[in-house]
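**Student:** One letter stands for each residue in the lines below.
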Amino acid sequence: MKQKKKRIGAIALMIVLTLSMILTGCSSKSSSSEKGSKNQTTVTFWHPMTDVTGEAVDAVIKEFEKQNPDIKINAVYTANQGEGQNEKLMTAISGGNPPDVAYFDRFEIGSWAAQGSLEDLTQLAESSGVTKESYYPFAWDEASYQGKLYGIPTTTDSRLVYFNIDHFKEVGLDPENPPKTIAELEAAAEKLTKKKGKRFERIGFIPWFGQGWFYGWGWSFGGEFYNPETNKATANDPKLVEALQWMTDFAKKYNVEDIAGFTDSQGQGAMDPFLTGQLSMKVSGPWEVSAIKKFKPDLKYGVFPIPTPTGEDQTTWSGGWSVVIPKGAENKEAAWKFLKFFGGEEGQKIFSGISRDFSVLDSVNEELGYKEDPILKEFVNILPVSHHRPVMTQGSLYWNELASAVENATRGNGTPEELLTKVNEKVNKELSK
Amino acid sequence: MKGNIPLAENLNSPKPEPNNQINITAKKRLGKWGEYKTGFLFASPWIIGLLVFYAIPLFSSIYFSFTSYSILQPGEFIGLENYKNLMNDELFWKSVYNTVYFAVFYVPLGIIFGVALAMMLNMKVKGMAVYRTIFFLPTLVPHVALAVLWMWLLNPGFGLVNGILSTIGIDGPSWLGSETWSKPSLILMSLWGIGQAVVIYLAGLGDIPEDYYDAADVDGANWFQKTLHITLPLLTPVIFFNLVMGIIGAFQQFTLPYTLTQGKGTPANSLTFYVMYLYDNGFKFFKMGYASAMAWVLFVIIMALTAFVFITSKRWVHYQGK
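Protein chains in written order, with this note's numbering: chain A, 1 to 433; chain B, 1 to 322.
These are calculated hints, taken from the structure and not from any lab test.
Treat the numbers as computed from the prediction; the structure is a model and nothing was measured.
Even for Gly, the Cβ is constructed at its ideal location relative to N, Cα and C.
Watch out, some of these pointers could steer you wrong.
What the hints assert, rightly or not - Label-pair distances were calculated between CB atoms; the ranges are:
#, chain 1, residue 1, chain 2, residue 2, range
1, A, Lys232, B, Pro138, 49 to 55 Å
2, B, Thr139, A, Glu229, 44 to 50 Å
3, A, Ser432, B, Pro74, 39 to 45 Å
4, B, Pro57, A, Pro228, 53 to 59 Å
5, A, Lys232, B, Ser44, 41 to 47 Å
6, A, Gln67, B, Gly163, 56 to 62 Å
7, B, Pro57, A, Ser363, 25 to 31 Å
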């Protein structure tokens, strides 16, 4: 009898333990919605921001909560949420338990929208008067897929070439008149490079270093990557082949393995080769300005647009972030209010003011003085002609394929034309599915 | 974990006490199920875990490999399309090549170095426990930390490896930045974490009775002959185990190259390993069906290799007492 009691007790204990384990596993949802007493709605917001941007987003949330006392934003830091690293968000959406708002790389909106994993915001935007006019056109377009809006843009950037003024003077180049054409760029790079054996003491320029992605060179050479009408990639555009050929020739001239040896030795932050004076020119974005201010405030530098073959029609490309509502979010209405605030003038002013990332609203950039800063104004001024990466279902695949095409071409594994044709075939095959 | 079932069964199996009449008759009445009920109950957390988190996903991935499943969308049934596409996917073949290259060099080198190291660590020298610990320590380092550490060691400009090479007049390559050297670099770092296998070899060495060596001494055998005719043959069961585990591990290489290249497999896809490409397809390109197909192809490859090793093992594995 005693034994039996014991056994029942043991089984009961086991069941209780198992149940409690299962319950704690599922409880995250219930506890978050219960927290907001006094009829408060809690909006869960996943974002990957730390440091300055983290402070900026906290400030935005604080102001939003002040204006909307009935909504509480539960900001959750999610490491690795960004380009091609959205595994957590993906599983949360497919598991039917997503956050109400997610900070999301605009570049991926197309493919995620095509998968039906983001809420369509078109109606909400129309009814509350959020329109394309106030935003930079590329930012709005990148947040839309097939004419429907899926995200509210929050930040943007652009890419220019940074150059070291002292190096320019040292080799007799005019810092007032930086390279405009590809030929001038090449000549300057040659003058600036100091190579001993296999080792670079200083290298003038590395086209694919930093933000020197193929998208930038392709557009600068006048090529097109995608035809939205036919929904076809156009990676084998002769202009793009020309751009890749130029990069390949550059790699051959300086020996790509030696360049790799150089770039692999470099660190980040204060150890960036441009800051240590080992690299004279580099393609990068506006964030480089704060890095220079932080690590090497006495560096004399300037910026110029990415050169083109003719020296005219200079362009660049922009990425940036947005806020989205994942499919299946619980508190859509409250979430939309937050989106609207974040992407609106007020939120933008707070966020951009602290993070020093460009706003997607031209008026805010003007107000924050970005158009007066001698360096930053160059970045802002080129925004109206800036490109955005194609909004397509295979954005990540295309990006990866182009990156490896550049790697393979510069390392002599196939000609640019062959490689780009292959990329085109592969991406188009997936697009047609 | 797997120990749970036999343990539970033992607890419940008929006890060898003959005078416990009541217990035995009760068992008979309850039949087989009653006999195992408690055991299964105790094992149930594990059984449920295995079914829900392993067996069901495992077998549903067979089905998914015939669909265009994307995690976010169920996709359609497309028959053998995924498998057909794999055969024409250049990057797939590149990843197969990289993985096979790694396995072909890493597995034999791992055995040679592992056995040699174990034999050295089996010598009767003072402070051996310290040496053994030193060689085991690297296996405790997480793979991500290991990758970062080796990135610095192999740094072409300031790295320790090239620094040492340059003192003897060799201009070292750019290791991870070079297509030719990236895979050898990876093999080198993987060999660094060989401690786990060494411990198993050590256990195997400890299992060889001294008598054989004594007898060989009487016959006048030298060290080399003893190693070749006693140590190695009697170590073959352990080598066999490590060979199978090594092959499986090598084909599943992921963390190290993924961290080293931030998932890009650079330079020029020379570090794109099979499982990395599988992961990209599943979680970046919305092609979970395709990734499932890749997983099953990998399963077949590993299964075939393991079967091959098992079949040949009859010829070269010598168990003691047989």
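**Student:** All hints, please: hold or fail.
**Tutor:** Verification of the hints:
| no. | hint | in the structure |
| --- | --- | --- |
| 1 | Lys232/A - Pro138/B: 49 to 55 Å | holds (50 Å) |
| 2 | Thr139/B - Glu229/A: 44 to 50 Å | violated (57 Å) |
| 3 | Ser432/A - Pro74/B: 39 to 45 Å | violated (20 Å) |
| 4 | Pro57/B - Pro228/A: 53 to 59 Å | violated (38 Å) |
| 5 | Lys232/A - Ser44/B: 41 to 47 Å | violated (55 Å) |
| 6 | Gln67/A - Gly163/B: 56 to 62 Å | holds (59 Å) |
| 7 | Pro57/B - Ser363/A: 25 to 31 Å | violated (51 Å) |
Against the hints set out earlier in the document, violations occur for numbers 2, 3, 4, 5, 7.
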